[in-house]
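**Student:** Following the hints, complete the assembly by docking chain D onto the known chain H.
Okay, here's what each chain looks like letter by letter:
Protein chains: 2
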Amino acid sequence: MSNKFARTPEPPYYAVIFSAQRTEGDNGYGDMAERMVALASQQPGFLGIESTRDEAGFGISVSYWASEEAIAAWKANMDHQVAQQSGKRVWYADYQLRVAKVERAYGKSKGK
Amino acid sequence: MSNKFARTPEPPYYAVIFSAQRTEGDNGYGDMAERMVALASQQPGFLGIESTRDEAGFGISVSYWASEEAIAAWKANMDHQVAQQSGKRVWYADYQLRVAKVERAYGKSKGK
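Protein chains in written order, with my numbering: chain H, 707 to 818; chain D, 707 to 818.
If you're looking for bench data, these hints aren't it; they were derived computationally from the structure.
Just so you know, even glycine gets a beta-carbon here, dropped at the ideal spot from N, CA and C.
Among the clues, some could well be false.
So, partial list: chain H residues that the calculated Cβ filter (under 7 Å) puts toward chain D [said to hold, decoys possible]:
1. R741
2. E809
3. K814
Isolated chain H, as found in the complex (with noise of 0.2 Å):
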């Protein structure tokens, strides 16, 4: 329906959730998401994200990933790309992120 939702294949999979307070002003960020989304979807076991943020700056990530080993893989690569830039600690005042495994999954476009 909307091509913001992840289309994500029956689990188990797993998710990234990552959730942050943005900081004032953009700082190289909008560059830095767009090249870090399509650096994800071109990573082996990447299955979908969905991001949303609201005014008050405060956004929920979640990444989709076939494996631990592709979020390891991924991860790396990310944080080799993120160290050349100004970083975490100028885009976000506080973040934290999660890594979990999905068990089970119901939408509405299911029939659910």
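**Tutor:** For chain D alone, kept in the frame of chain H given last:
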């Protein structure tokens, strides 16, 4: 730092990832959403919730739970409440719900 973050314990624990596109108009949604959060926080095993929505009405809410049993009890309670309301069909154009087991967590506040 921000009270928008859930203060979760060390993993493992569970996450319910709910991504949804809201329909136009309130239709009693605001009241219901508030009541649902209040209801969840009183539920045994509730660990916290993080929630955000963009201007186009695409939202992600992640609630955290101590166990699958806690999720099941909350879901039964919520289904009962929602059934008394106009319900999901009116509030959401589309949604996905995923139940996942959080295995690892990192945060800026923890110095990582």
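**Student:** The structure should be examined with respect to each hint, and the outcome stated for every one.
**Tutor:** Going through the hints against the structure:
1. R741: Not OK, violated: R741 of chain H not within 7 Å of chain D, min 20 Å.
2. E809: Because about 6 Å separates E809 of chain H from the closest Cβ in chain D, which is inside the 7 Å limit, the hint holds.
3. K814: 5 Å, holds
Hint compliance for this structure: hint 1 alone is broken.
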